[in-house]
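Work the whole structure out from these sequences, hints included.
Sequential numbering from 773 applies to the first sequence in this note's numbering.
These are computed hints drawn from the structure, not numbers from a lab. Accuracy of the hints is not assured; some may be wrong.
What the hints assert, rightly or not - Straight-line C-alpha distance at most 27 Å; calculated DSS-like pairs for lysine-lysine:
| # | residue 1 | residue 2 |
| --- | --- | --- |
| 1 | Lys1084 | Lys1116 |
| 2 | Lys1173 | Lys1216 |
| 3 | Lys1116 | Lys1078 |
| 4 | Lys1183 | Lys1403 |
| 5 | Lys1355 | Lys1044 |
| 6 | Lys1216 | Lys1193 |
| 7 | Lys969 | Lys999 |
| 8 | Lys835 | Lys969 |
| 9 | Lys923 | Lys983 |
| 10 | Lys1193 | Lys1084 |
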Amino acid sequence: MPVITLPDGSTRQFDGAVTGTDIAAAIGPGLARAALAMVVNGAEQDIAREITEDASVKFITRKDDAALELIRHDTAHVLAAAVQALFPGTQVTIGPSIENGFYYDFARDEPFTPDDFPAIEAKMRELIAANTPFTREVIARDDAIALFESKGERFKAELIRDLPADQTITIYHQGGWFDLCRGPHLRTTGDIGTAFKLMKTAGAYWRGDSKNPMLSRIYGTAWRDQKELDAYLLQLEEAERRDHRRIGREMDLFHIQEEAVGSIFWHQKGWKLYRTVESYIRRRLDASGYEEVRTPQLVDRRLWEKSGHWDKYRKHMFIAEVVDEESTLALKPMNCPCHVQIFKQGLRSYRQLPLRMAEFGACHRFEPSGALHGIMRVRAFTQDDAHIFCTEDQIASETVKFVELLESVYKDFGFESFAVKFSDRPDERAGADDVWDRAEAALKTACEAAGVSYELNPGEGAFYGPKLEFVLRDAIGRDWQCGTIQVDFVLPERLDAEYVTAESTRARPVMLHRAIIGSFERFIGILIENYAGRFPLWLAPTQAVVATIVSDADAYAEEVVAALRAAGLAAEADVSNQKINAKIRDHSLHYVPNILVVGRKEAEERTVAIRRLGGAAQQVLPLAEAIALLKAEATPPDLR
RNA sequence: GCUGUCAUAGCUCAGGGGUAGAGCACUUCAUUGGUAAUGAAGAGGUCCUGGGUUCAAUUCCCAGUGACAGCACCA
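Right, dumping it as structure tokens:
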């Protein structure tokens, strides 16, 4: 006699076992039509499942976010069914829902290409139109393995073998096709609707391991209705317009060419932006008790051998050969061992700790070709690196200080929110387990003290210690690690760093590796996409263009530019032989934040007409006033 | 690195077995104009590189390089 409690607190009693379908029908025909699945005691289930005991039940309708995930998951199933109908011999593997859609990985000798999409989509629409029910079947492990093996589905059989022993194994049928699946599902294929689209193909390793065979992945997107799908596709198009590679060219910021793959040619305007960011970070570090240093680019391999990097990362290091010498030098892939060398000069006292050593460290890493991406992932980059040498009980307070600094810096650059990930010990690592225990515990304590909530990223720590990652998102939703702080008990040991304690004994310092923006290259890439080229005035590489209406105003325009430059503003004159309309258009398309228009009238009255990017109105001000206004606006946030 | 797609003018792209085209940008001339395109003329390409097939290859085939998407990697 189950008693069902509904979300509004009301209860209904039934004579015996009931399905969600029964309950929804008992409540009303509207709900019976709308309910796609249900949540029983907090767990999502098929609406056709039976309930035999008292339970709280909530129905999922198309409006719920949970429905979107079911739609995506079910679309993946239909995709797999369509593919197997059209391409016999293709093996299925896994097909989850993901942000904005789903994918399905297939094993097939010939990978799929987008040319296959029209036929597959047509088949999918056919399966959806058939409105076939999804039905659930519980199956014994050995039967399941035998079933999939008999179909030649060796990947599925492998998955089943690796499922935990106590897990109930279920198969979902849709018509004659079935798949291993935990569920839950919608009622029928028809519940999926038609707002889906196959997007792209890609290779993906079986079980995410590059030692395994590569599968053919099909990505798709799926939504509740056509309106949502259209909005999503439009959003993708808009994101493409914000791509830093595109804006970088449009704004003449940088380029990359074949002769220096993974390295950036910074043009004048891009370098101006870079310098603005660098100056800002330097001021913040200076004000936060950091000491800036500069260490060598080329360092003998002996140091990398001692630090452990040679062993683990040699393949990713650029080696410099010297003709008449025996030594092997490597371009530094990171700065930490060099900073330890500075720390080791002379005897350090506990009184000097925490010692915060910063460097805008130029690093080179031979990244795999497939990893390169615009200026976000390059082979030559500069970190806003620093190492804090401290005692174990200073870890928490230093981490708190760092997080505060990072939050303040991100806010100044316009990033109000960002994700934090806690990455703990990887399989391949240096240092004993008890050291890792202490390092992870210290970082966790510090997070609590700093009030940081994080997502756990198991096994993703550095080889010498656990880390916190601060992640920013680019225009099309890809996540990039920018800031980081890492606790390291290992390197000081390996490189023999020590200090004199209050008791006059020797002790090892702890090293905190930390970066706020990560690398200038990546961060600037994110900045470009975040602002879509429309930078706040303090960051804009060209802050004002003085555009003349008639050539009689040319001399005055040059005078205005000189005055702006004297005030520290990046200004250019446009005295070209074009109409003012064309000049406005040209500079607007190049994201110039202020166009100062000068004609005969302005030249006579010694004024300028300011036109803001994106606005149509003009503001006529006396020259001195205009300069004061722009100068104030262009002041970096930390100097206001 | 792996899978797939792509590579034609500075940019965005069309074309096609008989050595190339558009728009924008660029240069010159005319035009001196009031807030998102003034007009005309001109210049500009080893059609990514190297092989092969062919009477003939920028086009077809193979390899390389690079870019893009995803996967793997990211000290």
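Hints, one by one, checked against the model:
1. Lys1084 / Lys1116: It holds: about 24 Å lies between the C-alpha atoms, which stays within 27 Å.
2. Lys1173 / Lys1216: Status holds; Cα separation ~15 Å.
3. Lys1116 / Lys1078: holds (14 Å)
4. Lys1183 / Lys1403: holds (21 Å)
5. Lys1355 / Lys1044: holds (23 Å)
6. Lys1216 / Lys1193: Distance of about 12 Å is within 27 Å: holds.
7. Lys969 / Lys999: This hinted pair holds, its Cα atoms lying about 13 Å apart.
8. Lys835 / Lys969: It holds: about 20 Å lies between the C-alpha atoms, which stays within 27 Å.
9. Lys923 / Lys983: This hinted pair holds, its Cα atoms lying about 25 Å apart.
10. Lys1193 / Lys1084: With a Cα-Cα distance of about 24 Å, the restraint between lysine 1193 and lysine 1084 holds, given a limit of 27 Å.
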